[in-house]
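Novice: Here is what each chain is made of, one letter per residue.
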Amino acid sequence: MRYTVAEIARALEAEAVGDAGAVVTGLAEPAQAGADDLALASSPKYADTLAAGAAQAALLWEGADWQALGLRAAILPKRPRFAMSRLTTMADPGHGFGNGVHPSASVDPTAKLGDDVTIAAGAVIGPEAEIGAGSIIGPLSFVGWQAVLGPNAFLREHVSIGARVRIGANFICNPGVRIGGDGFSFVTPEKSGVENVRETLGEQGDAGGQPWARIASLGAVVIGDDVEIGTNTAIDSGTIRPTQVGNRTKIDNLVHIGHNCIIGEDNLICGQVGLAGSVTVGNFVVMAGQVGVSDNLSIGNNVVLAAACKVMSSVKDGKVMLGYPANEMKTNLDMYKNTKRLPRILRDVAELKKAVLKSDGSD
Amino acid sequence: MRYTVAEIARALEAEAVGDAGAVVTGLAEPAQAGADDLALASSPKYADTLAAGAAQAALLWEGADWQALGLRAAILPKRPRFAMSRLTTMADPGHGFGNGVHPSASVDPTAKLGDDVTIAAGAVIGPEAEIGAGSIIGPLSFVGWQAVLGPNAFLREHVSIGARVRIGANFICNPGVRIGGDGFSFVTPEKSGVENVRETLGEQGDAGGQPWARIASLGAVVIGDDVEIGTNTAIDSGTIRPTQVGNRTKIDNLVHIGHNCIIGEDNLICGQVGLAGSVTVGNFVVMAGQVGVSDNLSIGNNVVLAAACKVMSSVKDGKVMLGYPANEMKTNLDMYKNTKRLPRILRDVAELKKAVLKSDGSD
Amino acid sequence: MRYTVAEIARALEAEAVGDAGAVVTGLAEPAQAGADDLALASSPKYADTLAAGAAQAALLWEGADWQALGLRAAILPKRPRFAMSRLTTMADPGHGFGNGVHPSASVDPTAKLGDDVTIAAGAVIGPEAEIGAGSIIGPLSFVGWQAVLGPNAFLREHVSIGARVRIGANFICNPGVRIGGDGFSFVTPEKSGVENVRETLGEQGDAGGQPWARIASLGAVVIGDDVEIGTNTAIDSGTIRPTQVGNRTKIDNLVHIGHNCIIGEDNLICGQVGLAGSVTVGNFVVMAGQVGVSDNLSIGNNVVLAAACKVMSSVKDGKVMLGYPANEMKTNLDMYKNTKRLPRILRDVAELKKAVLKSDGSD
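Chains as they are written, first to last, in our numbering: chain A, 1 to 363; chain B, 1 to 363; chain C, 1 to 363.
Just so you know, these hints were derived from the structure itself, not from any lab. Computed from a prediction, not measured in an experiment: that's the story for all the values here. Watch out, some of these pointers could steer you wrong.
Since copy identity is lost for identical chains, a pair holds within one copy or between any two.
[Stated by the list, open to error] Calculated lysine-lysine pairs in the BS3-like style (CA-CA distance at most 30 angstroms, straight line):
#, residue 1, residue 2
1, K45, K191
2, K337, K316
3, K191, K78
4, K191, K330
5, K191, K358
6, K78, K45
7, K319, K330
8, K45, K354
9, K353, K191
10, K337, K112
11, K45, K319
12, K191, K319
13, K112, K316
14, K191, K112
15, K354, K316
16, K316, K45
17, K330, K353
18, K354, K112
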């Protein structure tokens, strides 16, 4: 990157102060910043570390006293963390995947490539696949039979897009993502022990000893616009209709989304989350890392599923959940605090028994 | 697909009613069904949605009043969910990986390919590998040195089969599966803090500060017949003898199976399950999503490990387990209910203390 | 392999007894051992199984009565488990990835390969990448733009090393590892509901309904010397500075390491562990399978995070943690035992209420 402070401030819709013509060629944390870097000191707690580096220009917080910090120029955005979105995009050098179709790529003659599409080294494009204009298919990635990618898709290396998967505009896909694996759907000839356990909460009955027959997944996956998916995440195909992911939903690494799930819009799904089959999720939902949701449940709008909670019944709009099994966070924290009070309760009960029943509390 | 209702009913060993000569060309959920689709309305709760679609033929439940539903033809299987296995297989269009060896594939001259084997674009077959007749190796997949695949293997894209891995007949393998990674086996020169923690349940002693030396995995993996493995799942090689997966066991996405595990037959292992090293599992076991099993434990036959439970001691035949640590489901549910009763217990104890000890219960 | 018992004993710095000139050509568990195998019977509990096999030579424990076991020769190391490290390395036949650059590999003309580098079939090396001397890049693996690998790297198949990632000497990388995916970093225009939940422990306030803007990851990943990483593990790039993994740290399969994490030296991180963004980890830390650590926490030196614990606040040096939320193991085990005592407490309180308050304890 190579920008003046004024150019960056304009892009961030932020105030530039000092020598706005100063040129910066990189971003850095304050203590590591060189003389040509824009130091990122977004709150007063980072101000002290500026002196340890050599930055002459910095991104600071609104109202910061940039002159007292010894800077030549500064940018003062209203919400520095939000400014990081535009700023890091401006500074991103990309991945150097080249232009056009690399000679080592294998593109089926029936595939349709839009204008200005890059197919990097070793990538494979299957028959009748369609790649939207401006898309970049990373090295050793695969787009399957009749799969459709909208404009401006960016696939990193080793991505799998299965047959008949359809994806909207501006898709961002990290290494090793798998869209359209076969759903994990198996059935026994007669009612299974697991079906009995669910009904009785614990008893399998006499259903054991049956082999599992496979149900094939014919429904593929449909993904909306502006979706981003993290490294080695897997989204399985639906059985008859597609598994769905709505517009602007962001999914982190190593997430498992089972067959037939319908995920809404504007969700944030963090690392190693697992959604079993046929889960429905509303809009503006946040799931923290390692959350699990059992099959066939419904998660409402504006729900927060906090760290590693295991959801075993459907969740209504606006709830904040925690625990295994997941409860409302306040309930879960109360249960935890009460469990921590058990030693005192045990002492109190022993004392009471001694006083009342003349027992010493031992079994 | 293109079948008459009679042909499908015959394949499903189910009753056909109405105009059994009617032709269907696809499967659909009732509300989305077009005039040529077979609508899947497997229980009375889906009956209402048939009217929203245009289907003239449907798969219904035994004894359904198909004429009252306005259909021209219907199929009435005894267990509609089980009928889905055969039905979806009949309708599966496959992945279009082509036939024969794709010119962009790399097959070592010492590899042995059976009759009618497909090696798709970009795939790599290593030296002395053997691929059984009728197998399909998907795009960009890899089969290593001296690995052996039985007849009719179907590997999707980006699959890794490591050196010396041996797999039986009819293997189905989803994208990004890794068979035969190196086991996670490390050892310290002297007894480690972790060894001490296990013995004392909490104390490391003075064993800290030792580096970890690697134990290589020489044993590879042996997999039986009719096994299916889900997307991005990893099964590590054994140290001296192979890690084993028995016949007809089905494994879902992002599962971790450590080195030296011996998994029995007819198991169902759901998404993101993790088995540490040297776990032994019987037959007809079901593990729900995100279950974890500590190393060197034994899981009996016909066990159900329910959602996200963490197994920290061996489990006997037929048990149904839940919780962290895993207990029998009934015990776990009782512990949970009792914890929910703690606010009442706290109130009762405070009241008793007041009555008996003239204390107000505050610390 | 083909060694005399004396050669192996010398390499293991262990005592050889009996016919030290005896030749062994493989390693085996005692019961499966053939006449030319070295049987591995590292403790008295395995001694009985020797008779079931045909081994004439064995690795035993210090002071073992090898003659009474009917052997012709034996090796008696001080710590047999530690001896396995050197022994399995000696016996490892490798993966047969060949020598030199395979004709199907794609190496950018601006990449720099050290002496004696192997680039296996289908691998892709990007522009300005540097591969250290003696390295082996496995089939279908990818090394990105300006990535640097030190000497003697060994990458298995389907590995991704992203742009600008820097890795030290003797790196071992299992199939499907992804280094340098984009960090999961998103921000809302105004304060988000999740930021409110963290402050209030449960209340989102009125912050719902905002879309997520992406923060790009510019910092790549820096990995030290002698690091090993397991199958399908993902380590994300840092935002401005690199995510870091220290010397000699070993990471297992399907692990998620978020952006900006700083992992120290000599750690052991087991399968399916997840570290959210900006976690700092000291040295000589052990994390068991399925452990989770919330973002921005600090884990001290010599910490043990036991099976599947979920760490929700920072952990000081030397602690041993267990549970969800993670507590010191002793505290967690006490809480568990106390919860198991609840039925007795309930009975006691009911009895006391009856005696004192003339109540029968029902609500």
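Novice: Indicate, hint by hint, whether the structure satisfies it.
Specialist: Hint-by-hint comparison with the structure:
Proximity of K45 and K191 under a CA criterion of 30 angstroms is satisfied inter-copy only: 19 angstroms between copies versus 61 angstroms inside one chain copy. Taking the shortest alpha-carbon separations for K337 and K316, both the intra-copy value of 25 angstroms and the inter-copy value of 22 angstroms come in at or below 30 angstroms. Only between protomers do K191 and K78 lie at most 30 angstroms apart by alpha-carbon distance; the minimum there is 12 angstroms, versus 60 angstroms within a single protomer. For a Cα distance limit of 30 angstroms, the shortest separation of K191 from K330 across copies, 22 angstroms, qualifies, whereas the shortest one inside one copy, 39 angstroms, does not.
With identical chains, the CA atoms of K191 and K358 are never at most 30 angstroms apart, being 55 angstroms at best within one copy and 50 angstroms at best between copies. In this assembly of identical chains, K78 and K45 lie within 30 angstroms of each other by CA distance solely inside one copy; the values are 17 angstroms within and 53 angstroms between copies. Taking the shortest alpha-carbon separations for K319 and K330, both the intra-copy value of 10 angstroms and the inter-copy value of 28 angstroms come in at or below 30 angstroms. In this assembly of identical chains, the alpha carbons of K45 and K354 never lie at most 30 angstroms apart, being 56 angstroms within a copy and 50 angstroms across copies at closest.
Taking the shortest Cα distances, K353 and K191 never come within 30 angstroms of each other, neither inside one copy (50 angstroms) nor across copies (47 angstroms). In this assembly of identical chains, the alpha carbons of K337 and K112 never lie at most 30 angstroms apart, being 60 angstroms within a copy and 59 angstroms across copies at closest. Taking the shortest alpha-carbon separations for K45 and K319, only the inter-copy value of 29 angstroms comes in at or below 30 angstroms, while the best intra-copy value is 33 angstroms. For the identical chains of this complex, K191 and K319 are inter-copy neighbours only, at 18 angstroms across copies versus 35 angstroms inside a copy, given an alpha-carbon limit of 30 angstroms.
Proximity of K112 to K316 under the C-alpha cut-off of 30 angstroms is found in neither arrangement, the shortest distances being 44 angstroms within a copy and 56 angstroms between copies. In this homomeric assembly, K191 and K112 never come within 30 angstroms of each other (Cα to Cα): the closest approach is 47 angstroms inside a single copy and 43 angstroms across copies. In this assembly of identical chains, the alpha carbons of K354 and K316 never lie at most 30 angstroms apart, being 47 angstroms within a copy and 40 angstroms across copies at closest. Proximity of K316 and K45 under a CA criterion of 30 angstroms is satisfied inter-copy only: 23 angstroms between copies versus 39 angstroms inside one chain copy.
Proximity of K330 to K353 under the C-alpha cut-off of 30 angstroms is restricted to the inter-copy arrangement: shortest distance 27 angstroms between copies versus 32 angstroms within a copy. Within a single copy, K354 and K112 get their C-alpha atoms no closer than 84 angstroms, and across copies no closer than 81 angstroms, so neither meets the 30 angstroms cut-off.
When the structure is compared with the earlier hints, violations turn up for hints 5, 8, 9, 10, 13, 14, 15 and 18 and for no others.
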